Amino acid sequence: MSEQEQADIRLEYSRLKQEHADFDAAINAMIAMGCDPLQIQRMKKKKLFLKDRLMALEDRIIPDIIA
Numbered sequence: 001m002s003e004q005e006q007a008d009i010r011l012e013y014s015r016l017k018q019e020h021a022d023f024d025a026a027i028n029a030m031i032a033m034g035c036d037p038l039q040i041q042r043m044k045k046k047k048l049f050l051k052d053r054l055m056a057l058e059d060r061i062i063p064d065i066i067a
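For the sequence shown, my numbering begins at 1 and goes up steadily by one.
Hint data in this document are derived by calculation from the structure and do not stem from the laboratory. A portion of the hints provided could be inaccurate.
As the list claims (entries may be wrong) - Below, in silico cross-link-like pairs of lysine-lysine (DSSO-like), each with a Cα-Cα straight-line distance of 30 Å or less:
no., residue 1, residue 2
1, Lys47, Lys17
2, Lys44, Lys17
3, Lys46, Lys17
Said to hold, decoys possible - Here are the simulated distance ranges between beta carbons:
no., residue 1, residue 2, range
4, Ala7, Phe49, 20 to 30 Å
5, Glu12, Asp64, 16 to 26 Å
6, Lys17, Gln41, 38 to 48 Å
7, Ala56, Ile31, 20 to 30 Å
8, Gln18, Arg60, 14 to 24 Å
9, Lys46, Ala7, 38 to 48 Å
10, Gly34, Gln6, 20 to 30 Å
11, Ile61, Asp24, 36 to 46 Å
12, Ile66, Ala7, 38 to 48 Å
13, Ala29, Ser2, 37 to 47 Å
14, Leu11, Lys51, 13 to 23 Å
Note that the structure is a prediction, hence the values are computed from the model and not measured. We put the CB at the ideal spot given by N, CA and C, even for glycine.
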């Protein structure tokens, strides 16, 4: 993997990590305000999708080491 590809992946990872944190804050605010549980559940699902995407990018950044 080239250095440019790694830099792009790290940039995407940082962006998604910030978005994940934003979703977390939004969900907590929605819970505190007593918003519709269905809306909260949808936000949690989107947050979980972001977490899965973060893990996939992390796997691409960190190479597998076979012991």
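We went through each hint and held it up to the structure:
1. Among the hinted pairs, lysine 47 with lysine 17 is consistent with the structure: their alpha-carbon atoms are about 10 Å apart, no more than 30 Å.
2. Using a Cα cut-off of 30 Å, the hinted pair lysine 44 and lysine 17 holds, with the two alpha carbons roughly 15 Å apart.
3. Only pairs whose Cα atoms come within 30 Å are accepted, and lysine 46 paired with lysine 17 is accepted, the gap being roughly 13 Å.
4. Take alanine 7 and phenylalanine 49: their Cβ atoms lie about 24 Å apart, and the range 20 to 30 Å holds.
5. The hinted window of 16 to 26 Å between glutamate 12 and aspartate 64 holds, with their beta carbons roughly 20 Å apart.
6. Under the hint 38 to 48 Å, the C-beta atoms of lysine 17 and glutamine 41, about 22 Å apart, miss the expected range.
7. Remark: the range hint 20 to 30 Å for alanine 56 to isoleucine 31 is upheld by a beta-carbon distance near 28 Å.
8. Separation of glutamine 18 from arginine 60 is about 19 Å and conforms to the stated range, judged on CB atoms against 14 to 24 Å.
9. Here the CB-CB span from lysine 46 to alanine 7 is close to 26 Å, at odds with the stated 38 to 48 Å.
10. Range check, glycine 34 to glutamine 6: Cβ separation about 44 Å, and the 20 to 30 Å hint is violated.
11. Between isoleucine 61 and aspartate 24 the Cβ separation comes to about 22 Å, which falls outside the hinted range of 36 to 46 Å.
12. Range check, isoleucine 66 to alanine 7: about 26 Å between beta-carbon atoms, so the 38 to 48 Å window is missed.
13. Taken as a hint, the range 37 to 47 Å holds for the pair alanine 29 and serine 2, whose Cβ atoms sit roughly 41 Å apart.
14. Leucine 11 and lysine 51 have their C-beta atoms about 18 Å apart, which keeps the hinted 13 to 23 Å range intact.
Going down the numbered hints, you'll see the structure goes against 6, 9, 10, 11 and 12, while the others check out.
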